[in-house]
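Read off the chains here:
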Amino acid sequence: MNQRMSWFNVTSLTFGFAFLYLPILILIIYSFNDSRLVTVWGGFSTRWYGELFQNEGIMDAAWVTARVAFVSATIATILGTMAAIVLVRLGRFRGRTLFNGMIYAPLVMPEVITGLSLLLLFVAMGFARGFWTVVIAHITFSMCYVAVVVQSRLITFDESLEEAAQDLGCPPGRSFFAITLPVILPAVLAGWMLAFTLSLDDLVIASFATGPGATTLPIKIYSQIRLGVTPEINAVCTILIALVALGIITASLASKHRMMRARRTVG
Amino acid sequence: MSTRRKSGWGRRLVIAVPYLWLLVFFLAPFAIVVRISLSEVAIAMPPYLPVFDLSQGFEAFWQDLSALSFDNYAWLAGDPLYINSYLSSLWIAGVSTLLALLIGFPLAYGMARAPHSWRPILMMAVILPFWTSFLIRVYAWIGILKPEGLLTLFAQTIGILSPDDQLRILNTNTAVYIGIVYSYLPFMVLPLYAALERMDASLLEAAQDLGCPPLKAFWSITVPLAVPGIIAGCFLVFIPAVGEFVIPDLLGGSDTLMIGRTLWNEFFNNRDWPVSSAVAVLLLLVLIVPIVAFQHFQQRQQEAMR
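Heads up: the sequence lines are chains V and P, in that order. In terms of the working numbering, the first sequence has 50 at position 50, counting the first letter as 1, and numbering is strictly consecutive. In terms of the working numbering, the second sequence has 514 at position 247, counting the first letter as 1, and numbering is strictly consecutive.
Simulated from the structure, these hints should not be mistaken for lab results. Ideal Cβ placement from N, Cα and C applies to all residues, glycine included. Do not take every clue at face value.
According to the in silico footprint, chain P covers these stretches of chain V (three or more CB under 8 angstroms from chain P) [said to hold, decoys possible]:
1. 18-25
2. 134-143
So, partial list: chain V residues that the calculated Cβ filter (under 7 angstroms) puts toward chain P [unchecked claim]:
3. L13
4. I85
5. V86
Produce the complete structure using the sequences and hints provided.
Given below as structure tokens:
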């Protein structure tokens, strides 16, 4: 039976991962296809990458997206870390239940609703839509993801360390930066990365919140896809996939390195 | 916790900043959605009436308030387009959830029975596609599913499809199912894996030693122990799938009705802000039932773990 089970397991793993990875692999392979037709292989070529860098619309959108993602991820990380501290450390206060709800609700909220409601707010407040409205929209949903990631690390952190520092006369703000922050830093960085990729990916919320001059890359890709599959879009997608993969590999190597070092100091 | 930190402006500041942000940019917008869903459409900017203007004094405010109406909701109830959108969203999300379970279960099972040293890598491999853009992953399927696409080519090559025929999958509900299952599979696999990995393998061995056939042992031991994972996975796929916009829009046909897409069209194509607000309010009401049920379920799980 063990033999048969493992045969079954190998098959299900193979099919499962083939399903997850084949579409992405095919996309990457065809971005190097010389032919304009998606199903005809015209030989290996990087011409679509060349054309991509000539395409001003896409390059502008990429630059907008990079700035939006950087600014929104940074602010969302600060706000999300504060929210995590509130959730784990600060105990009861008036309105805490509402706060909990507001942290978890955006995680399950359909994007169309978040996008629509933010747009209506911007219109009601008379905000000119553009770069900053997209940034605000992205901060609002990604700070909740950051809060959840940081919270899970903060729960396991031994609070007595910080208390000891305070008993020795260290002010609370300083003890946080000197003791707690270095320990939760990996989670804070992971939160930043998550916020960055969420912002990089978002189409629906950005479509509602955007205005003239703030077309992000997903909005641009989406409008191109509606016109039909083009090899240039395959090339953009491949570059995005490569960037994200690079980021994740770097992050996991860094965390492995840190763990090895920690083990060495302990052992 | 030290009493010193319980008071003081530092604590208040740490609470106030994220609290205010969420109040202004998360809660207040909902109040506005509800309010606009009770307004009438107008050819103006913003395109709805009445617009509250407190500078006109309270008299005018009350007059505006009395102009609010439930007309938009009556309109939604009267037009089969909206009711069908809601029903079809629930149906498509339900079918996709079931399919994701059927595909995700063997995968999670295989992962949980893989050698220990493989498991972190397999976990990573399930999470990794999740970090790549949702839009890109949906787009990748267009090239595969379209009539002159790779799946047709593949079927013709292995001979199950004659060279003159083409597969008609893109722009049908089948393509939407594939898209949802593909995009949300990690959500299904991870909780299933967590439940199956905790399971004690010796239970199955004991059943086998006592003469229980493998299939029966699977149904009477493995499946019941995996139930928490199955429930969590189903909720995590079903809830976001109901409000999905990108997948039905890119992979579905013109007759694929999903509520997220209806809302989008109502807003961007018809520019009817009051009706799209009403659609949003009702979508939220539809989703509150599964969301609250899921929260309740998770709380019970956490209590059971302690």
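Results for each hint:
For the stretch 18-25 of chain V, the stated coverage by chain P is satisfied: 5 residues place a CB nearer than 8 angstroms to a CB of that chain, which reaches the threshold of 3. Here the stretch 134-143 of chain V counts 5 residues with a CB under 8 angstroms from a CB of chain P, which clears the bar of 3, and the coverage holds. Hint on V/L13 holds. Least Cβ distance to chain P is approximately 4 angstroms, under the 7 angstroms limit. Residue-level restraint check for V/I85 holds (minimum Cβ-Cβ distance to chain P is 6 angstroms; threshold 7 angstroms).
Hint on V/V86 holds. Least Cβ distance to chain P is approximately 5 angstroms, under the 7 angstroms limit.
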